[in-house]
Amino acid sequence: MFCDDLKGLIASGEDSFTQFKENIFDSKKLAEEFVAFSNAEGGVILLGVNDKRELVGLDNADIHRLNQLISNTANENVKPPIYPLVEHEIIDGKQLLIVRVRKGYAKPYATSSGVYLTKSGSDKRKMSREELRRLFAESGGLSADETVIHGSDIRDINTEILNDFLIKRDREIFEALRAQRVQLVTICENLDLVAHGQLTLAGNLLFGREPQRFSKSFYVQCVHFDGNDVGCNSFISKDIIYGTLQSMYKQTLNFLKSSLRRVQKGKNFNTLGEFEIPEICLTEALINALIHRDYFISSSIKVFIFEDRVEIISPGKLPNSLSVEKVRLGISIHRNPILNSLGQYLLPYSGLGSGIRRIEAHYPSVKFINDTDKEEFWCVFSRSI
Numbered sequence: 004m005f006c007d008d009l010k011g012l013i014a015s016g017e018d019s020f021t022q023f024k025e026n027i028f029d030s031k032k033l034a035e036e037f038v039a040f041s042n043a044e045g046g047v048i049l050l051g052v053n054d055k056r057e058l059v060g061l062d063n064a065d066i067h068r069l070n071q072l073i074s075n076t077a078n079e080n081v082k083p084p085i086y087p088l089v090e091h092e093i094i095d096g097k098q099l100l101i102v103r104v105r106k107g108y109a110k111p112y113a114t115s116s117g118v119y120l121t122k123s124g125s126d127k128r129k130m131s132r133e134e135l136r137r138l139f140a141e142s143g144g145l146s147a148d149e150t151v152i153h154g155s156d157i158r159d160i161n162t163e164i165l166n167d168f169l170i171k172r173d174r175e176i177f178e179a180l181r182a183q184r185v186q187l188v189t190i191c192e193n194l195d196l197v198a199h200g201q202l203t204l205a206g207n208l209l210f211g212r213e214p215q216r217f218s219k220s221f222y223v224q225c226v227h228f229d230g231n232d233v234g235c236n237s238f239i240s241k242d243i244i245y246g247t248l249q250s251m252y253k254q255t256l257n258f259l260k261s262s263l264r265r266v267q268k269g270k271n272f273n274t275l276g277e278f279e280i281p282e283i284c285l286t287e288a289l290i291n292a293l294i295h296r297d298y299f300i301s302s303s304i305k306v307f308i309f310e311d312r313v314e315i316i317s318p319g320k321l322p323n324s325l326s327v328e329k330v331r332l333g334i335s336i337h338r339n340p341i342l343n344s345l346g347q348y349l350l351p352y353s354g355l356g357s358g359i360r361r362i363e364a365h366y367p368s369v370k371f372i373n374d375t376d377k378e379e380f381w382c383v384f385s386r387s388i
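Note that the sequence shown covers residues 4 to 388 in my numbering.
It is worth saying that the hints were derived from the structure and are not from the lab. Hints are not guaranteed to be accurate.
Said to hold, decoys possible - Here are the simulated BS3-like cross-link-like pairs (lysine-lysine), alpha carbons at most 30 Å apart as the crow flies:
1) K171 <-> K106
2) K24 <-> K260
3) K219 <-> K268
4) K97 <-> K82
5) K129 <-> K253
6) K106 <-> K370
7) K127 <-> K253
8) K32 <-> K171
9) K32 <-> K97
10) K219 <-> K253
11) K110 <-> K82
12) K110 <-> K377
13) K10 <-> K31
14) K171 <-> K253
15) K10 <-> K305
Could you build the full structure based on these sequences and the hints that come with them?
Here it is in structure tokens:
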């Protein structure tokens, strides 16, 4: 690393990707740093720099000892083992060690004593049960939408919605079902809506009779605030929206449309005018939240309307190494492949991963925020006051 780059990194201070250590002697504490970075997005540990951003430096004995400590800790105190990269640098006459910990691809990682940690800003914290469940599932190739809903069975499928879906997707299968040439459970198993006699999460969210009976945290919270802050004392309207993904989409879109202004754009004053935020943008943002949110996180989607903006917040940061910039380039990763595949017959979208680009084409001032610390994805539309 160049001297100026290193000085700039130190001047920027500690954050989710950078940690300063004047020195370290305890393999347990070092293992905790390794585990936290590996379970997050990776990062750099600068040894020889104190928390006041001052260069303290290391002597030759420290350098030799720390190289041994780093190697032993990475192999023996982190499960599974990791392979950090170590660089020796001299800046302003001070010796430093730069330890690069890569984002782990065998998550979750734990210390040898069984503690799972991740980064939270410049600090680290123990991982929640939800986070661990998600990482264990992902490491086994299991997506959230194919997890089994314990206590459910085929009777919890709304056959009216399923029949409408089958007519659109495969009329021949629908006719076979109606003629009793094939069983309902067989169709549902082939579509990954049922496994081992129980509904999958996808089956419950797409076709469940009472989805929130089994998936209590998966709803949409809508609030129209009388101001520009969630802490304001009054609101104009609010609603908690339950149901299948299709039902929640329709109800939430109606809430938005009833709360937003219509504007005249060079048309006859006798017309209703167009919504201040194009309906196609609202549609794409809602579908993105419902289909692509992280269902390993037990939290609701939030739709907040303020005087100056509309926020649609979905649980879960973008998956893996995906970024907003990569999405703009057309790169997509399907976090919930069953919902993505089958949802296009129930919701107005293509399933091609082009929603963000379509929103930006119709509303260039939109902001997309991938909050890796809070594990949320935000879509923010500005409003004209």
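Need the status of pair K10, K305: alpha-carbon distance at most 30 Å? violated, 41 Å
Within a Cα-Cα threshold of 30 Å, do K219 and K268 meet the stated pairing? violated, 42 Å
Would the pair K127 and K253 pass a check requiring their Cα atoms to be no farther apart than 30 Å? violated, 40 Å
With a cut-off of 30 Å on the C-alpha distance, tell me whether K129 and K253 pass. Answer violated: K129 to K253 is near 38 Å, above 30 Å.
For the pair supplied as a hint, K32 and K97, confirm whether the alpha-carbon distance does not exceed 30 Å. With Cα atoms ~24 Å apart, K32 and K97 stay inside 30 Å; holds.
Hinted pair, alpha-carbon criterion (30 Å max): K171, K253. Please report holds or violated. holds, 19 Å
Just to be careful, I want the Cα atoms of K171 and K106 compared with a cutoff of 30 Å; is the pair within it? Given pair K171, K106 is violated - Cα atoms ~43 Å apart, limit 30 Å.
Keeping to a limit of 30 Å between CA atoms, is the pair of K24 and K260 held or broken? violated, 53 Å
For the pair supplied as a hint, K32 and K171, is the alpha-carbon distance within the 30 Å limit? Violated, at about 57 Å.
Take the C-alpha atoms of K106 and K370, compute the straight-line distance between them, and say whether it is at most 30 Å. holds, 27 Å
Given the hint that K97 pairs with K82, does the C-alpha gap stay at or below 30 Å? Between K97 and K82 the Cα gap is close to 33 Å, so the pair fails against 30 Å, i.e. violated.
Just to be careful, I want the Cα atoms of K110 and K377 compared with a cutoff of 30 Å; is the pair within it? This hinted pair holds, its Cα atoms lying about 19 Å apart.
The structure shown violates the earlier hints numbered 1, 2, 3, 4, 5, 7, 8 and 15.
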